[in-house]
Structure formats: structure tokens, C-alpha cells
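Q: These are the residues of each chain, in order.
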Amino acid sequence: MNIPTGRLAVWWVLVSEIVIFGGLLASYLMNRLTHADWADQAAHTNTWIGAFNTLVLLTSSLSAVLAHQAAEKGDGPKAARLLWLTVLGGATFLVVKSFEWTHEIREGFTITSSGFWSYYYTAAGLHAFHVLCGMILMIWVASTAAKNQELHRVENIGIYWHFVDIVWIFLFPLLYIAK
Amino acid sequence: MSHTSHTEAHGAGAAHADSHPPQSFFHKYLWSTDHKVIAMQYLFTGMAMALVGAFMAYVFRMQLAFPGMSVPGFGVVSPGEYNAMITNHGSIMIFWVAMPVLIAGFGNYLIPLMCGCDDMVFPRVNRLSYQLFFLSVLVLIASLFVQGGGFGGAWTAYPPLSSVAKYNLTPWGSLLWIIAVALEFVAFLLGGINFITTAMNSRAPGMKAFDVPIVVWMIVVASLLFMASVGPLIAGAVMLIFDQTLHTGFFDPARGGDPVLWQHLFWFFGHPEVYVVLLPAMGIVAEIMTVFARKKLFAYRMVIYSVIATGVLSFFVWAHHQFIAGIDPRMANIFTVTTLLISIPIAELCFVYIATLYGGSIRLTTPMLWALAFVAEFLIGGVTGIYLGASGADIFFHDTYFVVAHFHYTFFPIAIIAVFAGITFWFPKMFGRYMNETWGKVHFWGTIIPFNLIFIPMFLLGMAGEHRRIYDYTHFPDLALPELQAMRILATVALLVMLAFQLVFLVNFVLSLMRGARASKNPWNANTLEWTAESPPPHGNWAELPNCYRGPYEYSVPGRELDYWPQDEKA
Ligand code: HEM
Ligand SMILES: [Cu+2]
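Chains A and B, in that order, give the protein sequences.
Just so you know, the first sequence maps onto residues 22 to 200 in the working numbering.
Just so you know, the second sequence maps onto residues 575 to 1145 in the working numbering.
In short, the hints are calculated from the structure, not lab data.
The C-beta atom is built at its ideal place from N, Cα and C for all residues, glycine as well.
If a hint is listed, it holds; no wrong ones were tucked in.
If you only want the chain B side, here are some residues facing chain A, beta carbon under 8 Å, derived:
hint, residue
1, V695
2, I770
3, N775
4, M801
5, A802
6, G805
7, A809
8, G810
9, L820
10, H821
11, G831
12, L839
In silico lysine to any residue, SDA-like type, Cα no more than 25 Å apart, as pairs:
hint, chain 1, residue 1, chain 2, residue 2
13, B, K740, A, S135
14, A, K200, A, M51
15, B, K782, A, P25
16, A, K99, A, I157
17, B, K782, A, W32
18, B, K740, A, S134
19, B, K740, A, T133
20, A, K168, B, R698
21, B, K870, B, V949
22, B, K782, A, G27
23, B, K740, A, I132
24, B, K782, A, R28
25, B, K1144, B, A783
26, A, K200, B, D832
27, B, K740, B, S652
28, B, K740, B, L820
29, A, K200, B, R829
30, A, K200, A, R53
31, A, K168, B, V699
32, B, K782, A, N23
33, A, K118, A, A60
34, B, K782, A, L29
Sequences and hints are given; from them, build the entire structure.
A: See the structure below:
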């Protein structure tokens, strides 16, 4: 096998993550198709905020790619700076999300309001949890990369981050755009 | 990559030995990253849990045979306690015995030793895996003692019984149970990633994919199956926890949810899960059969292809557990077909084992007896599965003791027979001493005979219409007939006998550990790489890591003086 062990392990982690989100989203879709009224509920989500957050995540993925490039060239400190930028993107995402949720809960849309809102908070919440975990790991990778150590980890955390990003690319249309 | 990373990380010879200095007791046994120690932790935790599970079986079998009696060592069994016992017995035997012992215990022990490397590729992840598993054990045990008692909604945890405290009356027991299961899943995901990457990337130089022993293949495929099937149930577990605590309505029809959704999520995992535990057991049996038949494994590649076929098919049979759950009858037809299809590769594996025996010079050692018994007993489990897979027959059999007997004829060979086969076979390697053969055989017969006497009556009871999960059959005149009760008593008495014979094993195990005859490196004259390490292997496994020159099953090769040919011997 020619895949470095660390990267191989990240891919296997992603396989197991894909089926977790896959199971959740398949359940949501099956329900959504049989509940026409969920579209009315979905109308209360804020597409603009969702779009803004999509943009934030995509940008943060870009800095993760640049960090990988820097790491390839052996420039640990630069990779670390770019990773910090990615962490900042993740933090922005979470802050925006918490304002969004506060607003929705104030409006009376809580996790028990309806099937749609249950899935909405569960899926987006599980995703947000992954964003948070990714940030924590990234801070750890950045701090070693800054000392020019374990640079291969920069790529691995990048792969994970892109995955978190892709999950959102699925969530955004399913939870926000489809109304 | 396979070898480069290896040498970079560990070097060879002296440098290699240096990287594993002596350690304190705490670091050696409790906080170790050594795959062999972690294997033992999993093995012994699993065996201890087997005692817990067995005690529960003892209690509820006593209640069934002698309803209302005060069970010695427990007392009178209340309906709630009865439900908690059957639920946790099933959960424990599958998630806390079969999984940790077969996959994590044997997987951890065998993969690095059989692949010829010094440890798993991520030793600290490995340690974390055990620690999470241990935490899940504590949570599960705690769930039995909280207010309201342990969860009683069966190991399948169907909602709304499992999701609404008003129905199950165990607000804390249910929650802790599902948390324990979820933790356990995470532990095995971490472990599985280690197993797969280690087997892919850390094999001895020269060891090609088709030189890898079958048991390693089986454990790797099982880990893949687990990884690919458990995700939806992890999502389901989160949803169930939200239903229980936040009162969402994912599965509660009263809140617009769908209880059958849980059944799909559960069985999408649950059926592949039976292969997750079956495959390692099949692998253990394959290793033992070739060694004690002194013959090459029949159709090595075909075995691997069938296992992969089984793995793929196992994702398309889950709804055979839901034939009468209100699924579309057309769907039932499809799932009948896929279910019958999947018994083909499994039957083929049994034929392969029999073909391996054919013409061999068979040595009836204790491990070999267990291996032979595995095939014989598992066959009964597999064949009765075909009855259940046919939706027409299953409408009658579903949720009767016929199903209970069916899956015990599969799980008992897996979680008990194959495990005893493996322990008696690798004991000399693990501990450097032999187990006593005579007592081993006494224990073997004392287990196998009562096992059949426990479960054959259950087939008959099931055919007589005895529904499962019932606390006291005297409440049902149709089922309280004396001849049915006699069969229940027979099963319970057989269980008592079987449990008593386990003492023979425990004593034999402990005494052999302390004063069994010393074993050499390769006591069974076997080929695979673990037998080239010291018995027991030191931390780091080998002073100099082995090379591999051939496949694992070159026994009785014509023209060779010895009837075995170790994988590391230069041609
Ligand atoms: C060889 C082919 C097999 C077939 C065709 C088969 C078929 C079935 C079917 C149709 C059921 C559902 C019966 C019902 O609930 O009405 C069932 C139940 C079950 N089977 Fe099998 N099975 C096979 C092998 C296995 C194996 C290898 C295992 C375990 C390692 C296993 C474990 C179980 C368990 C645990 C249940 C009961 C689940 C429950 O309701 O609690 N089966 N089997
Ligand atoms: Cu099944």
C-alpha cells in the first residue's frame, strides 16, 4: 500500500463519519418526502445566514489547502498561521450559528416544535459538533506545525476539514434552500 | 510504504529493542500501549462480562422453569427485573463479550503478531479505545442500579418502549443503556481503524495480501463491516437519546414520529453485526483446523472472496427482522431472496472447512475439538436461519423461542465455542505454558452436551408457539401445559450443568497459568508468524522483525521433511 498510515486512517475515519451523516440524512429525506408540511416549517429558516456560513466554511477550506501547500514546502510556521486562519473561520461559523439559533428559539422554533425542527437541530448540531472537534484538533496540529514538527498532520487535518465542509454542502440545501 | 514506515519508525535489531524499555506495573498493565496487554485487557474484561451475562441467564431461566421461586443468589424476580435481565443479558453477550473478546481481544493480539510487526500503527489510539470501552462497561453496570432499575426494552430497544419513560418505567436505566452502547461503538470504531491500517500498512516485508492468515483477513473485513454499518445506528442512538431526554418525536408516533425507522436503523447495523462477530470466529476455526489437520487450508482465495461477498450482501438483508413489522409485502419478497442468497457463501465456508479436514492427519487436541464443534453447531444455527429467512415461515416463527434457539445456535458457537478454541490454541503463546488437555476435554464435553440440551427444547417450544420475552407462562393457559413446562425445566437444568462445568475451565486456566508445562516458541508446529516469537512475546514482539517468504498454510508439502513450513523460513 502506498498511502501513508496517517492519511489512510483519516480516510477510514471519514468512511465511518459518512455513514453516520448518511443514516441521519437518509432518515430525514424519507420523512421529508412523506411530510409535505415540512416545507412550510423549512420556510422559517434563514437562507441568507446559511449562505453566509457556507461561504465562511468554503473560505476556511481554502486556507486549509494553502496550509497544506506550505507544509509540503516545509514551511511549518506559515502552515500554522494558515491553520489558525481556518480555525478563525470555524469560530465565525459557530458564532453566526449560535446567533441564528438563539433567534429561532426566541421565535418559538425549538427542537420539539416539529419533526422538521428536530432533524434541523440534530443534523446541524451534529455538524457543529464536528466543526468544534475539527477546530480543537487543528489548534493542536498548528501548535506542533509552528515548531516544524509532524508536518504531515497538516494535510490530514485538512482532509478532515474538507469533509466537515462537504457535509455542510449537503445540509445547506436540504435544511435551508428546499422550502 | 508497508515496510519503509516500519523501519523508519522502529529500526531493526538492537535499536528496536531499545525503544521498548522496562516499565512500571502501572505503565505495563494498566496504561500500556502494547497491543498484547490491550488484548488481555479486552479479553479479561470480556470474560468477566460473560460471567455477568451468564448470571443473568441463570436468574431468568430459573424464573421460567420455576415461576415465582426465590432464586438462590438473587431472590424473587419481579417482572421489571426479568425484563432488565433478558435485555442486559443479550446486550452484554453481544456488545460486551463477543465484540471485545473476538474482535478486540484476538484482533489486538493476533494482527501485529501475525503480520510480523511490533505493535499497532496507533498504539495510543488503541489504548484510548480500551479506556472508552471500559468506561462503557462502567456506565452499563451503573444502569442496572439506578432508580427504576435497568433497561428492560430488549437488546433491540424498539421505540416507543425504549424512548418514553412512561412506558418503560426506567428513565435512567434506558438512558444509561443507550449511552453505554454508543460509547462502546466509538471504542470499536477507534479499534477498527487501527486494525485495518495496521494490516494494510505494517506487514512483514514479503507478506503479500494473499499471504495474510485468514483470521487477520476475517477480523479486517469484520472491522470494515462494523465501520460501514454502525453509522446509521449511531445517528439513531443520538435521536433516541433526544427522544428520551428532550422529548423530541423521532420515533414516537404520538409526536408524529416513526417507530419503524428505528427498526431500520437498528437492523441495518444489526444484521451485518452478526457477521462482524461471526467472521473472526470463522477465522480462528480456520487457523486451528489447518494446524491440526496438517493440511493446507482448502481454497484460501475462495474463502476470502466469499467473505467479501458475505460482507456486501449483509447490507441487503436487514428487513428480514421486520417481516411482520408492517413492511410492504413486496419488500418482504426481496428480503427473503437476499437472505437466502447470503446463506450460500456461509454454507460454502463450512464446506471449505470440511474439505480441509478431508484426507488430513487429524489431531483431536482440545482446540481442535472446539473447532470441529463450532462447525457442527453453527450449521444448525445457519440452517434454521433459512426457515426464518423465508417470510412465510417467519410469520409464524417470529418472536418465538424458535428464533431464540436459532440465534443461540449461531452466537454460542461464535462467542463461546470459537473463543474457547482460540484461548486453548493460543494459550501457550500468550502465557508461555500449556493448558491441561484432560481437563480441557472434560470442560469441552461438559459444555457441548448441556448446550444442546438447553436449546433443542427451545426449538420445540418455539414450534409449539411459545412467544419469547414472557415473564411467567402460567399466565397463558395454552403455554402452561405440563409437557411444555417440562421442556423449560430441562433447559434450565442443562444450563445449571453447563455453568457448573465452566468452573473446570476457570480452575484449569488459573492453574495452567501458574504451573502448566512450559511451552516452546512453536508448540503446535504451526506456520504463521506469531509462532516465531518468544512465548510469551516480549514488549516489541521480536528482537528482529521477521520477513515473510510464503503463504500461511504450507502444511505437509510433498518432498519436505517437516510437515510444516514457517512463513519466515528462507526458501
Ligand atoms: C446463515 C444464514 C442466516 C439466516 C438466513 C438468518 C436468518 C434470520 C432471520 C430471518 C431472523 C429473524 C427471525 C425473526 O425475528 O422472526 C434471524 C434472527 C436472528 N439471527 Fe439469524 N440468520 C442467519 C445467520 C445468523 C448468524 C450468523 C447470526 C449470529 C452471529 C444470527 C443471529 C441472529 C439473531 C441474534 C437473531 C434474533 C434477533 C432478535 O430478534 O433479537 N443469524 N435470523
Ligand atoms: Cu438478520
